[in-house]
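This is what each chain is made of:
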Amino acid sequence: MLKRTASKKQVSSGLPLAAKWRRDWQMVLLMIPGVLFLLAFFYLPVLGNVVAFQDFQPYLGIMHSEWNGFTNFISLYDNPDFWDALRNTLLLAGVQLLLFFPVPIGLALIVDSLVSNRLRRWFQTIAYLPHFLSWVLVVTLFQQSLGGAGFINNLLRQAGLDPIPFMTNPDTFPLLVVAQLIWKDAGWAMIIFLAALTTVDVSLYEAAAADGAGRWRRMWHITLPSLRTVIVLLLILRIGDILSVGFEQFILQRDSVGPGAAEVLDTFTYYAGVVGGDWSSGAAAGLAKGVVGALLLWGANSLAHRLGEPGIFQRRS
Amino acid sequence: MRPVWKENPSPGYQAIKAVILGGFALVIVVPILVVISTSLASDKDIIDAGGYVLWPSHPTLKAYQTLFSGGLMGRAIMVSVFVTLVGTAIALAVTIALAYATSRPVLFGRPVLLMVLFTLLFAPGIIPMFLVVKQLGLLDSLWSLILPGALGAFNFVVLRTFFMNVPGELLESARIDGASDFTILRQIIMPLSKAVIAVVGLFYAVGFWNAFFNALLYLNDTSKWPVQVILRTYVLQGKSLSADQLGVEPLPQPQSLQMAVVVVALVPIAMVYPFLQRHFTKGVITGAVKG
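Chains as they are written, first to last, in my numbering: chain A, 1 to 317; chain B, 318 to 608.
Same shape as in the complex, but just chain A (with noise of 0.2 Å):
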């Protein structure tokens, strides 16, 4: 760590440029490729979202449409499904919060606490799984099991019972919305938290066992102790992304659910946009959803560091 510091000294100050120049072209010419997708698909577009401030006519372009201020926000305010599309956004954040948070964490510890190997390997391997699978394959996989015609209600149909709209009743909407992201990510989720576990020091299990603590008391005292950081890192992060709940699954359910209960944010800045042709609300839909996910997550961050956690961003020098 220390030899690093000292060669990166050695390098900022002394040598001119040019002979900086002649030293790191070839680095130099390594980054280009990288940096023009990054100037192309995504400082471009972070720029196009001046759209958001005009009155934008497709066939007239960013530069010769006219600007109009901050009305394309202000209809945004006045428009009821914006709101809905917010209320929505929150409530199901806040669900997933509540019911997928702790899942990965629970499940981190009774694998952790398996004592076969081979179990645990076998159950990683198949947890793990679904998280590769598109949201598609994932909300197909849940139709034919819980749709209509799919076969749990084929099950109940043949016992005589009546069908279950799972896939359909917007009232329980948010609770097959957790169910599907838990099938889908609980699993994944958990590796961060096992990769924790292994780093705590196995000399405080031995101490506390000899101070005679039991497994209860074990696990409260230092196992969850030394997921803290763990805990808070990812409790940040969430809270960065409360606004993004989920795109491909909500625009995937929309129809069969119905806007009412499935429109989030960012199926309504498509929907507005990209459907309907209002360009700039959607685009002022999306920038006001951007700006506060990154204040929330800086707001979180700094938060973390005035209570000693370290967060995401620490201050590297």
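These are computed hints drawn from the structure, not numbers from a lab. Worth double-checking, as some hints may not be accurate.
Derived EDC-like pairs (lysine to aspartate or glutamate); straight-line CA-CA distance at most 20 Å [to be verified]:
hint	chain 1	residue 1	chain 2	residue 2
1	A	Lys-20	B	Glu-489
2	B	Lys-451	B	Asp-538
3	B	Lys-379	B	Asp-365
4	B	Lys-451	A	Asp-112
5	B	Lys-334	A	Asp-55
6	B	Lys-334	A	Asp-112
7	B	Lys-541	B	Glu-489
8	B	Lys-334	B	Asp-360
So the derived list for chain A, only partly shown, Cβ under 10 Å to chain B, looks like this [claimed, not checked]:
hint	residue
9	Phe-37
10	Phe-53
11	Asp-55
12	Pro-102
13	Gln-124
14	Leu-194
15	Gly-258
Backbone N, C-alpha and C define an ideal beta-carbon position, used for all residues, glycine too.
Given chain A, work out where chain B should sit, using these hints.
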């Protein structure tokens, strides 16, 4: 490996754990198995079972033959394979080059690094992204699925962290022997990081294979639809695959055909994944901790 006193396996606790983990695993595995079985089942099996088959008693590949015998699905598979292979190759090349160049204290390294890290904070939004893709003339072109996804900040961080941990002395000695940065990257860095590169490659490949929304957004031309969009249109939304779209006449039991589409979307991932699975933890942790 694990200290005995940490856990005195008591039958009660063991049973509870087995039930929880076993249940979770079953809920994952059973729907996938049912889908695969149903895709392999004969019409008679499906009718007997009332729609879904747990174990096909007369397995047949008829649904797959119909699917692959041309038309929409054949093209969709070609599209998805092309996008996945070319996309992953480009993305890996771009990301490896950028990650290596910023992993050493060099000219412009710092500002470029900050440029990448900023993308982790803020998403540009759907509408401006669409406008840019349109302006670049990529609408209705397969490049619209490939180019915007060619640099993922998370994958960049994973690779860069790994490259930074390659000892500097090794690179110094290579340089003294006259190796250029290109040579060092190709002959020292890349062979040393094969496992991580494979994992990052898998992450990219999965992203390209699963691309659904970008395809919906940027491609109007049905002949360019990838597998995921077909899956959505004909299985999830239940639009019927008419004979001319498939390019064949009599259809088998639609149920098995639909499930065959699901399996086609699923299988490539299920095949690559076991080989890379043991490297996941390392990749994910380096990315998450240093991000």
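Hint check:
1. Between A:Lys-20 and B:Glu-489 the alpha-carbon distance is near 16 Å, which keeps this suggested pair within the 20 Å criterion.
2. For the hint linking B:Lys-451 to B:Asp-538, the alpha-carbon distance of about 15 Å falls within 20 Å, and the restraint holds.
3. Restraint check: the Cα-Cα separation between B:Lys-379 and B:Asp-365 comes to about 18 Å, which is no more than 20 Å; the hinted pair holds.
4. Between B:Lys-451 and A:Asp-112 the CA atoms are separated by roughly 49 Å; this puts the pair beyond 20 Å, and the hint is violated.
5. With a C-alpha separation of about 59 Å, the suggested pairing of B:Lys-334 with A:Asp-55 is violated against the 20 Å cut-off.
6. About 11 Å separates the Cα atoms of B:Lys-334 and A:Asp-112, which keeps this hinted pair within 20 Å; it holds.
7. This hinted pair does not check out: B:Lys-541 and B:Glu-489 have alpha carbons roughly 49 Å apart, beyond 20 Å.
8. For the hint pairing B:Lys-334 with B:Asp-360, the CA-to-CA distance comes to about 40 Å; that exceeds 20 Å, so the pair is violated.
9. Because the smallest distance between the Cβ of A:Phe-37 and any Cβ of chain B comes to about 5 Å, under 10 Å, the interface hint for this residue holds.
10. A distance limit of 10 Å between C-beta atoms decides the matter here; for A:Phe-53 the minimum to chain B is near 12 Å, and the interface restraint is violated.
11. Taking 10 Å as the C-beta contact cut-off toward chain B, the hint placing A:Asp-55 at the interface is violated, the least distance being around 14 Å.
12. Annotation: interface hint on A:Pro-102 violated; nearest CB of chain B at approximately 13 Å, more than 10 Å.
13. Below 10 Å, beta-carbon pairs count as interface contacts, and A:Gln-124 has one with chain B at about 8 Å; its hint therefore holds.
14. Annotation: A:Leu-194 was flagged as interfacial toward chain B, and the flag holds, the nearest CB pair being 7 Å apart, inside 10 Å.
15. With a least beta-carbon distance of about 15 Å to chain B, the hint placing A:Gly-258 at the interface is violated under the 10 Å criterion.
The structure shown violates the earlier hints numbered 4, 5, 7, 8, 10, 11, 12, 15.
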